[in-house]
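Participant: Each chain, written out:
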Amino acid sequence: MSEVNEASGAKADEPAGGSARRAPTVADFTTGAEARWCPGCGDHAILSTMRGLLPALGVAPENTVVVSGIGCSSRLPYYLDTYGIHSIHGRAPSFATGISINRPDLSVWVVTGDGDALSIGGNHLIHALRRNVNLKILLFNNHIYGLTKGQHSPTSKVGTVSPSSPHGSLDNPFNPIALALGAGATFVARTLDSDRRHLTATLTAAAAHQGAALVEIRQGCPTFTPIPRQPRGSAAPAPETDNPAAPEQGPIRLSPGLPIVFGTNEQWGVIRDPSTGELAIGHGGDSRVVVHDPGIQNSTYAYALARLAETSLAEPPIGVYRSVTQPSFDQLFQERLATARPGGRGELRSLLTGVDSWEVAAS
Amino acid sequence: MSTEQLSARPDGVRRLENVVIRFAGDSGDGMQLTGDRFGAQAAAIGNDVATLPNYPAEIRAPAGTVAGVSSYQLHIADHDITTPGDQPDVLVAMNPAALRANVTELRPGGVIITDTDAFTALGLEKAGYESDPLTDGSLDAYQLHAINLTGFAAAAVADHNLKRKDAARTKNMFALGLVSWMFSQPIEDTAAYLRKRFAAKPDVQAANISALRAGWIYGETTEAFASVYEVKPAPLPAGTYRHMKGNKGIAYGLVAAAHQAAMPLFLGAYPITPASEVLHELSALASFDVRSFQAEDEIAAIGAAIGASFAGMLGVTVTSGPGMALKAEALGLAVIMELPLVVVNVQRGGPSTGLPTKTEQSDLLQALYGRHGEAPLPVIAVRSPADGFAAAVEAARIALTYRTPVILLSDSYIANGSEPWRVPELDELPSLGIDLATEPNGVDAEGNPIFLPYARDPKTLARPLAIPGTPGLTHRIGGLEKADGTGAVSYDPDNHDLMIRTRQAKIDGIDVPPLEVDDPDGPPGSGADVLVVGWGSTWGPIGEACRMVRAQGLKVAQAHLTHIAPLPANVASVLSEYHTVLVPEMNLGQLAGHLRRETLIDTVGYNVTRGMPFRSSELASVITRVIAGIADEDGTGTVDGRALGDVAARLAAKTDAGANKRDATLEAGR
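As they're listed, the protein sequences go chains A and B.
Residues in the first sequence are numbered consecutively from 1, following this note's numbering.
Residues in the second sequence are numbered consecutively from 1001, following this note's numbering.
Pairwise CB distance ranges, derived in the manner of DEER restraints:
| hint | chain 1 | residue 1 | chain 2 | residue 2 | range |
| --- | --- | --- | --- | --- | --- |
| 1 | A | Pro226 | B | Arg1501 | 42 to 48 Å |
| 2 | A | Pro226 | B | Ala1325 | 38 to 44 Å |
| 3 | A | Gly250 | B | Arg1501 | 53 to 59 Å |
| 4 | B | Gly1485 | A | Ser164 | 38 to 44 Å |
| 5 | B | Ala1200 | A | Ala280 | 54 to 60 Å |
| 6 | B | Asp1159 | A | Ala361 | 39 to 45 Å |
| 7 | A | Thr200 | B | Ile1500 | 41 to 47 Å |
| 8 | A | Ala56 | B | Pro1440 | 24 to 30 Å |
Hint data in this document are derived by calculation from the structure and do not stem from the laboratory.
Predicted, not measured: the structure shown is a model, and the values here were computed from it.
Glycine included, each C-beta is placed from N, C-alpha and C at the ideal position.
Kindly generate the complete structure, drawing on both the sequences and the hints.
Facilitator: Here's what the structure looks like:
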């Protein structure tokens, strides 16, 4: 095997290809495989966004690796013309860790779903986040097990009626953002499959982050959890301008440096109670409206924001909740190797011989 | 150390061919260190050495109790030995519990050295003694040396400014010095070792060295011991030797294999007894470009190793039985993705948590068959501590050449045991470099060059490997069935059948060396009637037992399997040359069943699962029974080693009828 030049990813015995080659295009990231998701599935939109986004990142297809677990979302690597592994249920972060920490020249993405990442693979997710492995983790959250025909998932609301919970599910859902923050994730964001512009901006920010980036992409499942989520057949309610939790107020869009206001006329805002520090919904003109800052090292604020939606809003806020700078595990891992081998590979024979060997002469 | 081995010399030093010594004490008494150093000293003067540490599963069982006893047995000899010995000739017992736990295994007439300081009323009570064995006559059958080891050690280190408790802790070095003197071993290497080990604690360093010297001088000065013994160097092939433990040998073999493959070594591991030491060894070798990663669980450990293999490293994971169970699904993925991977299973007593610090060979069927679907992979086994290195290199060779996960089976006995190991010259090691794909190897329907990740080498059936970073060869692999050639997802029935057969054929076609038979009486068919077949760590005890049987004038052949999947091509023909094939295993007959399945040859099993290695003498009597035709009398296909029966009479009858002929007695015995 020829030595891999870790800085460029190019073979040591070949000229560095990047500058001489033309910039990659959407076509360079597109395989001939036909995407086999249901018509109307948001996964098509995410794939299309990824194909548009990756050429803009300046990373060659051969230096991009996409690793997935099992589930509808995890089929995505087959449709991107990069290196990829469609692995086993829940374990994608572990395979991706083995790739990423050894090869800093690669851009490594993990594609997973709510069942894959938060149920069977919960352990690997939290450990990849706490280590701050340089992975871009896209969590497609459709609140249901789609591939196995619609069972309730760890993000399904209590009371979800499904084939495995015909009388309604009993278990509390995970809030993926709160979970990631609890695990110490350095980049945590939420976006929507249906908002291409927001999706692109969020994934671009994630790609630029050094370390683990968790992006929850909320979506419906056209087959099992269609949007809108109102019970079928019920009449659309009249617009409610005086209720911040009314769906038409839209989700809060978090923008760094801007006050957190929302509603059809920005009449609502997120305010902080100065005595308790807790966040609540108030009026947009209130002087206590919080200015969003995802760069706060202490994750208490981001956590409060993540929890806000559970009681006060129809849809949780979207945008970057937290983006802080900490050394990535990959960087520390490579530095440890570099300092341990200042003179290159150690002398094997002297290792094998050790310090207390003895000679036996030919008899 | 039986008397016929002794030959008094003019200088009063008695020469021994071999001796078995056991150091036993409380878990906190430093017996493992003491034993390890004694072994290193013996090895340094050229003795052949085999060791057996034995320690409780708890880090600190209650002090002074039998449950908390830790021991370290060494067999040193002037000839080639392969086991740590059956019965100790010398027992060093640092407290009453150590004495109680070990004295029944001491050879009658053997030497006992005890620390009188520990034989207090409380110490005796904790050990369950109702009267003091040092004075009640119960040890009359032995040569008892009751010495105040703690007191002498504390006096020897009085000048070193240690706390009373720390001073008392040097008693193990005092004991080591004394026993070293008794066996004519220089202690300078151990003094040098102590200087290095305690470099950061000058007082402790100086005190331990003082205690060691004081022990030696005590032996020389007092006339407590009637004799000093000496074991001469063993004749070994020329070369550089060192003391090698099984776990360390495996770690070094993996490093050497990665070196020979010019690939970085990546280890993903989760701590588990008795495999953690491989993780520890490799974690200290970053200067050899060893990348060690302690994962969050067993599954992540193998996952990271598979990811590393995909990225161009030599991926390795190490574990023990319970960890293997957790890795099973990922192993199946490595099988279908056809990536190189070495999976080391240092076996321990099972099922479940079982006996975590004891040895067993009961994961063989798990290794061979423990995955869903048709998921064949090669399985090879380490036979002794000194074999860990070569077995690890062989596992890596197969993994890299055939692009497959390989299971390397070791066990707790090998992991912690040690032997002299001849350090290989680097040019003796095989070249393991593989050619990674850099160019397309096929064309699509329009004639455009493409990469076919599941095209195959016609000879090995290995697929090409292209690692990320290689332009033009981007491709996706995964757990879904692959189309032959393109590797695209395929649900085609004929393709699935073809791929299953191809993966099996690749493993079946692995180049493994033929099974060799050790029989001084001639090649298969013209020597012994009984062949003893083993795998893994039973190699030493079986070999020793065969030598004991041959010393009685009987014929027996030995063959030991390194490659269990696939089996060497000549296994069926070799086995069929013998009237009876005896398969001793530390399980209920797992290899025997595998052999029957693969060769249609019935064998006779001898199966014990006591968490301890076989004793050679026990196996020798079993082999003798089988030669006498007393095997499988109850029709279970196994020998009952406990009921020895009238072996002598049966052997005599056989001799009368014409020795070693395939007579009716033996036929009945099958």
